[in-house]
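So the sequence lines, in the order shown, correspond to chains U and B. The first sequence maps to residues 1 to 426 in my numbering. The second sequence maps to residues 427 to 522 in my numbering.
The calculated lysine to aspartate or glutamate pairs, modelled on EDC-like cross-linking and capped at a C-alpha distance of 16 Å, are:
no., chain 1, residue 1, chain 2, residue 2
1, B, Lys-505, U, Asp-183
2, U, Lys-218, B, Glu-484
3, B, Lys-505, U, Asp-182
4, B, Lys-481, U, Glu-212
5, B, Lys-485, B, Glu-500
Calculated directly from the structure, the hints in this document are not laboratory data. Bear in mind the structure is a predicted one, so any value in this text is a computation, not a measurement.
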Amino acid sequence: MVVLNFIINNILTQAAVVIGLIACLGLALQKKSAGTVASGTLKTMLGFLVLSAGSSVIQSSLTFFGTAFNAAFHMKEGAVVASIEAINGQAMSDLGLGGEIAITLAGIFVVNVILARVTKFKYIFLTGQALLWEATLCVVFAWFTGLRGPMLIIIGSIVGGIFATLMPALAQPIVRQITGTDDIALGHLCTVGYIVSALVAKVTGDKSKSAEDIQLPKSLEFLQDTYLSVMVVMIPFYLITAAFAGAEACAPFCGNTNHIVYAFLQALQFVTGLYVLMAGVRMLLAEIVPAFQGISMKLVPNSRPALDCPVLFPYAPNSVILGFVFTTIGSLIGMLISPMFGAFVIPGVMSNFFAGGTAGIFANQMGGRRGVVTGCIAHGIFIMILPAMLSPMLAQIGFVNVTCTDVDTIITGFFFMLIKSVVGLF
Amino acid sequence: MLNILTVCGAGLGSSFACQMSVEAVLKELGVEAKLDHTDISSVSGQKADIILSGKNFEKQFERITYDCPAIFLERLVDKNEIREKLTPVLKDLGVL
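Looking at chain U on its own, in the form it has when it is part of the complex (with noise of 0.2 Å):
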């Protein structure tokens, strides 16, 4: 009793244990050699303590920055950044609940895997970050609704199912007309805001003048890479609040250097953070997601993968950048408006680009090159007004300084709590 009583206290309960068992468990399954079972398990373990130190260096960038901003603008609310990677990097260490997190993303894979083997919507989910931001939420939620223990996981894991396997079967309509295929499906879970783009993009659009067939300068395609884009927008919104929170402000973070110039390397930490916790994330779910692939392609015949949205921008490159530079206009409008929605939210660089890009197809696909500039403006305000409206229950589970940002993940989030006040009811 007394080692079973040590093993669920002290061993269970860490998050990179839990997730190491998790990784175990898939190699496992594929029948895998020792060797390889046991190599995996600790990669994935280490991947979960790289993606805490990434975590704990955006928080501490974001701490600075936030405190400058009320210094600064002295606004009510406070300000936010969007970004889901911090969100799952709080949870997950600061919050306590990466072990139910690790666990709901399985579980997630499970009801996934059941539902397309039960209903017409044949979706394999397999991009593993976006249903780890799912499980994320669907945990963040549940606890936050009063739910515990294993009810917390179940309820997670059905509803986190449910959007797996619905959101790419949302999606498809337009992505078979975007590759001309129906071989593959869109798994990522910013798909509401791609059907507003779409939509936005059909009634003012023109579907015959492609944006693909503009000659794009080639000083803009600096945009693709990602992580050098991040730096490009937060260095000047650091600056800009720095400069105008002044020195004495910052004095208690910065020392003996200049605010300006520390809030320069401030910004660069918030990349840094933003690539080690990325680099966690992608040796977290290296073992993983090859053997709910596995697993999930036998159980399941004719299955569709639903991949990660980049896969569509090789069908046009254009509508890529036009969807970033576009959503990141409508984003900075948004920002302006979201303090009326419950937060003054800085956009999320990362989900500018992600799902600004494919917004950008989506946009194009269904109205042209016009539809690409409406509609992704459009997609733009969309993705910080959902952000604004979900921060002030965030603040209150205990998040600091940070929203989210892919949207579905914020609708699964309003989700559970339209459950809670229905339930309240009765």
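Guided by the hints, dock chain B onto chain U, whose structure is given.
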């Protein structure tokens, strides 16, 4: 052993999907290799014998130093395209 690296913007989703397709193709061809995926910012620091990435990244690669053959795909997960473009490179390297 042969090192093959697949590359995309964040080094998470599509390069990973591409890696799994490449793995399936290599299995068909009977070639053993060590596969990994990464983001475009990290490519120049990595050791690889072959790089695969999306067509949309081709111009980005012109700014990076790397000393191995690079293949740019129209469709990242299309096994036929991967097989078609990878086979001549594998022959050049003498593994096929």
